[in-house]
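Heads up: the protein sequence lines correspond to chains A and B, in order. My numbering applies: residue 1 is where the first sequence begins, and numbers increase by one. My numbering applies: residue 1001 is where the second sequence begins, and numbers increase by one.
By construction, these hints were calculated from the structure, which means they are not laboratory data. Careful: at least some of the hints might be erroneous.
Just a sample of chain B residues kept apart from chain A, beta carbon distances all over 10 Å, derived [unchecked claim]: (1) SER1069; (2) ASP1106; (3) ASN1151; (4) SER1174; (5) ALA1224.
Derived pair list, reagent style BS3-like, types lysine-lysine, alpha-carbon separation capped at 25 Å [as the list claims (entries may be wrong)]: (6) LYS1071/B / LYS363/A; (7) LYS1071/B / LYS1228/B; (8) LYS1219/B / LYS321/A.
Since we're looking at a predicted model, the values are computed, not measured. Yeah, the Cβ is synthetic: ideal placement off N, Cα and C, and Gly gets one too.
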Amino acid sequence: MHIRRPSTAIFWLLGALACGRVWATDWEVSLDTRLVSADGEKSYLDGGMGILRYGSDRSGVQLGRARVAISQDLGQILVLKLDASAWGEHDKNPVDLTEAYFELRPYPRSGWRVRLKGGAFYAPISLENRTEGWESPYTLSSSALDSWVAEELRTIGLEAKVDWMGTRLGHDFDVGLAAAVFGWNEPAGVELATSGFNITDWQSSLFGRVGPYGAAPFGAVREYQQIDSHAGYYVGANLKYLDRLTVQALHYDNRADPTAENEITGVYAWKTKFDTAGLRFEDDSGWTAIVQWLGGETSVWPDDVGLLKWDFSTRYALLSKRLGRNTLSARYDNFDVTPSAPGSSGDQSGHAWTLAYRFELDKHWRLTLEWVNARSTQSNRAIFFGEAPFATQNQLQLAIRYAIGSR
Amino acid sequence: MTRDGSPWRPFVRPAAHQGAYRCLQLIAGLVALLAAPAALAGALVVNVHMADGRALPGVVVTVQPLEGSAKPNPPIEAVMDQIDLAFSPDLLVIPVGSTVTFPNSDTTSHQVYSFSPAHPFQLPLYRGKPRAPERFDRAGLVTLGCNIHDNMLAYIVVTDAAYFGRTSASGAWSQSGVARGKYRVTIWYPRVRDAAANLQRDVTIGDVERAEVSIKLEKTLRPAPLEKRPHSWDAY
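All chains, full assembly: derive it from the sequences and hints.
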């Protein structure tokens, strides 16, 4: 049988499921609504230079996230995971996928385990966004580091993980290695060069774009497209001490050709590479501490302009204390983007404090109160908006989240 | 009744003072009756203490004869449930030949496996109705996991020991009616880091004897698994 269209493949897959053995489906639906009070400038999501999700123009009741996730077993060791969300922003599609992938998980043997992923998914970078939907159990807004990952990075390709399960063999450590090849992630970096790092909980969608369509000066960018013929890769490693400490590092390079341009959309391939390292420590009295750093460079080489290049780096420290159903968390973020080739504009230097209190009423209801204070200096504020380069933003949110699911 | 069914000890009858003798005989008979099990075999007490001197509860104690062979313990039917993404209990001690049923009380599927040489096995994905019981025919340690939920970890100690058990809240395990002879006492606990040599003691049990074995760990324990973190946190 010759399958020419993806929709045909999905049709046959669903048909096979319907006719064959019925495998278990896990699902989760959640609705997160917000009461927002913000005093800052218009958000980057609304075409402004604000680095938070909401500016003063969005104070009031907002949709935080409506999410549907499905985990469908397709046999003993194969699972399909789909995660779709509506964010109530200027998204191209009202509901769109943030992740969609197959995972193959053979049984471990002699202390070794292999995991394979194929599709679109997050690279193993985040230490804070560890719960379903790539959300944080500590805060509403992600760190600048993870906000950028959510905005511009998704692995669309294949990832292999090999784990040595030392703790199952009587040792104190587990060790894991991950490697991936991917495509369709070549605009990654453009947002850093234009609007810099953000502190947000919004995640870009696989078929969507970043920013409102047609908004000056940067327009909207469709992040997940292939412009040249190069595949990117990442390699990562993690070391775990029992369930107390996780140390991880990753090297990412999308290997884009910075001279390649999408002739129709005019979007260039951004050659982006970075390294990241961090650790998470948890103790038995409910404390969690996370520190993580990410640093790299991105460049683009339009024919008529020449090489444009930026260095970027960000780091954060998070401290959280869990007391029963209450979690109190504080995070400090620091971030900068520095042009490193003549003619490149769009620098940024800033830092932010995030304080969050979370109360889990039961397995369905969750309340979070979060305050973010961000201070950033960006020359693009002056160049494109005629405003002072330095700005302070405050954002107070009360989130009420209801979730229901098969688990 | 003792394991080897030893006879009553002979009571030597004195020559004179019949009245006093009868009285003594009655008292001695009562004493003999009360002391009978100990008289036929010994009692064994094992105490386990951590490096800081505190008692360690829950430690698996196995006692193997060093001479001859012990009559094997009859197999049992044990249950290890899965509740809130954790095995419950997370440690079982069973005689060789026993079966264990693994129900799933969660609403999500589990996929129980072990790659331990003593009993490598895997249960296909299931939820609700448990799979058929798993029979453990070889002595050894079986470490269990779930192929979907990484944090799930449990142990089954399959033993052919003559006597076995786990230490109480006061860190003690005792067994009466241990037949006379030489034994090796071995302890095991998932959080213990000591070398094997410190986890074994040889002991001789004689008649009317209460042998006591004290094991003090040299190294501090591994930290206990975190309890305050919801099991659902690690989705990535």
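Quiz item: If you check each hint against the structure, which ones fail?
Solution: Violated: hints 2, 3, 5, 6, 7 and 8.
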